[in-house]
Structure formats: structure tokens, C-alpha cells
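As given, the protein sequences belong to chains A and B, one line each in that order.
Taking our numbering, the leading residue of the first sequence gets 26, the next gets one more, and so forth.
Taking our numbering, the leading residue of the second sequence gets 923, the next gets one more, and so forth.
The set of hints was computed from the structure by calculation and includes no laboratory data.
Fair warning: this is a prediction, and the values are worked out from it, not measured in the lab.
Do not take every clue at face value.
Here are the in silico distance ranges between beta carbons for each label pair [claimed, not checked]:
#	chain 1	residue 1	chain 2	residue 2	range
1	A	139	B	1119	57 to 63 Å
2	A	347	B	1075	26 to 32 Å
3	A	248	B	1167	35 to 41 Å
4	A	139	B	1031	32 to 38 Å
5	A	387	B	974	29 to 35 Å
6	B	1158	A	245	39 to 45 Å
7	B	943	A	301	38 to 44 Å
8	A	246	B	1143	52 to 58 Å
For glycine and all other residues, C-beta sits at the position ideal for the given N, C-alpha and C.
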Amino acid sequence: MAGTRNNKKKESSAAGKAGADSNTGDVWVVIEHEGDLAARVSWELMGEARRLAADLGTQPAAVVLGDGENSGQLAEQAISYGAAIVYIAAHAALSPFTAEPQSRALAGLVGKYSPGIILLGATTRGRDLASAVATDLETGLTADCTSLEIDPGTKLLRQTRPAFGGNIMATIISPGHLPQMATVRPGVFPIAKADAGATGKVVTYRPRLAAVQPVRRLHYLPELEDEASLQGADVIVSGGRGMHQARNFSLLEDLARELGGVVGASRGAVDAGWVSARRQVGQTGQTVRPVLYVAVGISGAIQHLAGMQQADIVLAINNDPTAPIFNIADFGIVGDLFEVVPALITEIKKRKDGAGAGIVFDRVVAEQTRKEAAK
Amino acid sequence: MSVHSVVCVKQVPDTTQVRIDPETGSLIRQGIPSVINPFDLHAVEAALHLRDEQGGRVTALSMGPPQAEETLRKVLGFGVDRAVLLSDRAFAGADTLATTFALAAAIRKISEEDPVDLVICGKQSIDGDTGQVGPGLARRLGMSQVTYICGLEDLDSEAGLIRAWRQLESGRELLEAKLPAALTVTEVCNRIRYASLPDLIAAAGKPVEVWSAGDIGAERSRLGLKGSPTRVNKIFAPPARKRGEIFSAADSSPAAAAATVMDRLQDRGLKMGRSA
Ligand SMILES: Cc1cc2nc3c(=O)[nH]c(=O)nc-3n(C[C@H](O)[C@H](O)[C@H](O)COP(=O)(O)OP(=O)(O)OC[C@H]3O[C@@H](n4cnc5c(N)ncnc54)[C@H](O)[C@@H]3O)c2cc1C
């Protein structure tokens, strides 16, 4: 258990605590994990939870649902990312993840500690769990939020999300219902800085769950991590139907290598079978927020833009000067990608040779200049 | 051996054409064509496939305005056995919680006549994009919840079990669920069939039953806008990124354009050198 390992943390037991205690109204993040590996989005949300809790004058908290095996380790991590309290629900039925026992455990914790807000990643598991719990608790749930703020007057959570494929943004509130629940797509918020010296309280909870559950996992096939992840990449070079053939993606691999980035794709390229669906950026793919997004041979359909508009800098390369991607690009080159991309690679190599090896973005400068550019 | 599946289908606006009126700030709905939610077609296919393999029935269920009948007509054309449309002003303005309340009440009513083994939905709708209805139905109906299915392995109705592959961000997992179960399927789960001529002819003779709030015995306070905890506080056009500097490779040369862009990127924080 975490408390025994780290003497900076106070351990307390859920048993005997009053139902409505001082934690009422806290901002919770459900930590998604496979074994001891937490999903990155959980830490992204921890940063948001801190900010929201500060605005409300309540505390940010993390919830770890599992068999107890890795809970202590995950709790320590959650504290380092800003959780003031970690609720650990431990039961054999909670691992591996299935919606039914997970939702019962989370609903049980909610009943006991009355959070004001619960945030989850808008992942397959996060959406599953959030929907089940919101239904059981008959409360409001907003999916795929891209911005969260506390209304200074009403103190309600204002949840903004894209709707209609990204053509429209909507701000949703759930007046008169607690907890206010939201899922947030991975990559929308920057990851909080971990502070190894942070302290927090760990509360353990033993949910009463049936040993036999309606759904059980027979196999798990982790996806081979042969390709670097889009999440957390500073530079993404994406190709679309303009690449014409699968093998032309090697050109983008080269550019990505020079820029220290990874390769993504539009749905056009994925549907053509040139790139794995896991590389797809957009409404039905991933949301990314790199410093630099290079769109090569991508027209800029609204569904694609929905996944990459939060990049600090967008560079588009397309031979059609009317391609909509140019309307949102900071920089664009109108031209044949088969000439422009090699020219970029040559140029980068030249500049690197002049100054030594390596390339990196100064995130602070990138963000500042982005704000100036938006004015 | 036979299975009765209820497939939930939704009529949605073609989202690529939805816009905000810059003058009034409201949604422009007029003249926007409606389509069947593309993921729901895969749900229909999954249900038909199981029926064709194991016998049984497929009932399609939709909630929407009277014109949503078109959507049900379309799925009848694929060979669905029965179609029910929930249509009543009381359903209007429902969020996902109020939607699952109404759909669950209708499924219970359908189940009274012919017990339901499976409820199958698309993984999400393209207008709301929430993915919350399938899991909500599972909870309300007390069914096993299996979402984001990328492949159906097998259905053993004797043993009352279904096995399916579920897509996760980190990989895939094979799940075994007790029936009855509520499933949601992704676009890679199957390939949608073409409507056959005999099915189309048979569909022409089939009615689309229309049920009101009274027909499903639902409390009005739990339906539509009244039964929805969430409220849309504001809608607006997404913050537009501005069009930046666009260079033409033809005006200068690809090399010159590349050099200019690299200069700009360096101004914007791109660093090259030993510190990197
Ligand atoms: C419900 C729904 C969800 C969707 N979700 C997504 C999503 O998540 N992500 C996504 O990307 N799309 C999504 N789409 C699809 C989207 O609408 C577009 O069809 C898709 O993004 C187009 O891909 P593309 O830009 O690669 O292809 P195209 O639109 O065909 O564009 C190819 C571009 O390449 C350019 N080009 C061609 N040859 C060259 C050359 N030699 N040099 C330079 N440029 C060249 C062309 O000028 C053109 O602009 C979705 C659609 C729907 C209906």
C-alpha cells in the first residue's frame, strides 16, 4: 500500500468516515491503466483538475480502480501529478477492466465522498465507464470536451466540446446535478509537470462486488509498439491521399526523422490502406497537439482539422492553392509534394550541418509566437 | 437456437454541411440532408449476420421526428424483420440520459412479446459523437456491456454467451459476455451488405410502427429536454485559425520556398544546433 512506502503520505481508511465530509465538491480524475501503466491522458487531466479545484476552492483527487496490485505505485504517481487525495478501490473483479464492476466501484465512491466533478479520458474505457456511472447516478455527462472552466458566478462546470464533426462548438452545463461528469480526449491538455516531492492522502475503499461478473476477458493483445506514438510528439508529419502510394510514405518518414517527429495520416490515406488506422488524425482518429504539424497532400476536411487544430504551428504542403488546409495553416507551400518535401529535407540537413546535430522546439517561444500570430 | 436482436439506429444530419448562422448564432438546419448514422449500418449488419447464421429476428428501433421513418424504411430494405419509431414531442431535446430512458422503455416493451438477447448500436453517432447511448442502455436494461467491437467471434445461444473482440487504444481484447448483452460496433466489425431485391420487395410491404411516449408507458418528466441533466449553454463557430503565409514553389523554387519556411519555423521556436 502506498502509505507504508512513502512516509510523506498519510494513510486513512474509508471505514468509519462520515459520508458527507470536507471533501465534498472535489474534482476527481479516474486514472486509466493497464497493469502498472497509466494512460497519459490521466496525467493531462490531473493538471486540469488542479486548476478547476483551485477555482472552486476544493481539492483535486485521483481515483485508482484495480485489483490493488499496482494501486500504490499509481497513487504515488497521481500525487506527483497534483492529486491531494487518492481514492484506491481494490477488488479482484476490477482487473482487468470491465465496465460493470468498475462502474459499481466508482458509483460507490461517489456515494461516499460526493465529488463535484469527475473527469475521465475520452478513451474506449473512459467513455465506457463514464457512461455507465452517469446512467446509474442519473447525472449529466459531456463527451470529448476540449475546454473546461468554472463559471465564476454559478460555479458550474462549463464544458466545451466540438459537435457535428467539429463544425460547431457547444458549451454544456449540468445545472442541479452532481457530480458533473466529463470525458476529455487525449492530447487536448498539456501534461502537468510531475513533482516527486508532492504529498497527498491515500484513502482505500473496498467495494462489495460479485466474484463472477457478466463480462470476462479471455485474451489481451497489446498493439505492437513498432511505431512511435502520436500522443506527446512535438512534431507530426502527416500524409494524405496526395501521397498516392504506400511506399511514398518513406519520404515522410525521412522528413519526420529530420524534424525529430513521427508520421501521422489522414483518413484518406488510412482508407487507401497505406497507413495503419492507429496513425489517423481527426474526428474518428486521434486528437493531437504537437508544436509543429506538417500536413502533406491533405486537403483539410473539417473532420481532419478537428484532430490537429490545436497544434502551435501548422505547415501545409499541397499542389492545390485552393485546398482548405491553407486557410488554417501558419505557413504553406503550394507545390508538388514530391519536390517540396525533398527540398525541405535538404534544407534541414544543410542547417543542421552548419550548427551541429539535433533539432528541437522551444515550446515557450512556439506558444508565445502562436498567440501573437493569432492576434 | 435463435437470437432476437434490437438494433438502434439514428437519423443524423450530414455533419459536413452543418454550419452556424453568423448573424443569429444559431444552427442552420434548413436544407441539410439527413443520413443514417454510418456506424449504425454496421450494427444492422452485425444483427442480420447473426440472424442469418443462427435464426431469430431483428427489430430496428429509432427515436426521432416523423421523417426518421425513412431511416427505418432503409434498414427494412436490408432485411430487418420489424421496425419501431419512437416519435413524440415529449422526446424532443433529449440528451443521452433521456434518450436511453426512452429507448430502454421501448426495448422492455419489445422484449415482453419476444425476449431480447442482444441490443446492438453503432459505436457513436456522427452528430453527437458521444458513444454514450450503448453503455447507457446496458446499464438501464441490466445487460452485459461490450463496446467498440472490432470483430464478433461467436455467439453461443445455448450457453447464453457471446465472444467479441474489443478495440482499445493500447491493443485489442477478446471478451466473453453473458446474454442478454448490449453491444456497440465499430466500422471494422463487418462489411455492410447491399440490399437484395427480395428484401427490398418484402420491405415495401412492412409497416414502420410508430410509438408515442404513452405507448411505452414512460414518465414524461424523464423524457426529452425535461429528463436531460445537460443543457446547451452556448453554441459558436470553432475559433478560426488564421490563414498564414502561403508560398508558391512555382514562383520561386521548391528549394527557395523550403528555405523561407525554415526561416519562419526558426523564428517560431525551432532550434537547431548542439543544444538540441
Ligand atoms: C463521419 C466521418 C468521420 C471522418 N473522420 C475523419 C478523421 O478522423 N480524419 C480524417 O482525416 N478524415 C476523416 N474523415 C474524412 C474526411 O472527410 C476526408 O475525406 C479526408 O480527410 C480526406 O483525406 P485527404 O485529405 O488525405 O484526401 P483528399 O481530400 O483527397 O486530399 C488529397 C490532397 O492531396 C493533394 N495532392 C494530390 N497530389 C499532390 C501532390 N503531388 N503534391 C501535393 N499535393 C497533392 C490534393 O490537392 C488534395 O488536396 C471523416 C469523414 C466522415 C464522414
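Practice prompt. Could you check the hint for me, namely that residue 246 of chain A and residue 1143 of chain B are 52 to 58 Å apart, CB to CB?
Written response: About 46 Å separates the Cβ atoms of residue 246 of chain A and residue 1143 of chain B, which means 52 to 58 Å is violated.
Worksheet item: Are residue 139 of chain A and residue 1119 of chain B spaced within 57 to 63 Å by their CB atoms?
Response: Holds, at about 60 Å.
Worksheet item: Do the Cβ positions of residue 387 of chain A and residue 974 of chain B conform to the proposed distance bound of 29 to 35 Å?
Response: Violated, at about 60 Å.
Item to complete: For residue 347 of chain A and residue 1075 of chain B, compare the CB-CB distance with the range 26 to 32 Å and indicate the outcome.
Response: violated, 47 Å
Practice prompt. Starting from the range 39 to 45 Å, see whether the pair residue 1158 of chain B and residue 245 of chain A falls in it by beta-carbon distance.
Written response: holds, 42 Å
Item to complete: Confirm or reject the claim that residue 139 of chain A and residue 1031 of chain B have a C-beta distance inside 32 to 38 Å.
Response: Once the Cβ atoms are compared, 36 Å apart, the range 32 to 38 Å for residue 1031 of chain B and residue 139 of chain A holds.
Worksheet item: Within 35 to 41 Å or not, the Cβ separation of residue 248 of chain A and residue 1167 of chain B?
Response: Because 39 Å falls inside the window, the suggested range holds.
Worksheet item: Between residue 943 of chain B and residue 301 of chain A, is the Cβ distance one that fits in 38 to 44 Å?
Response: Roughly 40 Å apart at Cβ, these two residues keep to the hinted range, so it holds.
Of the hints listed earlier, those the structure fails to meet are numbers 2, 5, 8, in rising order.
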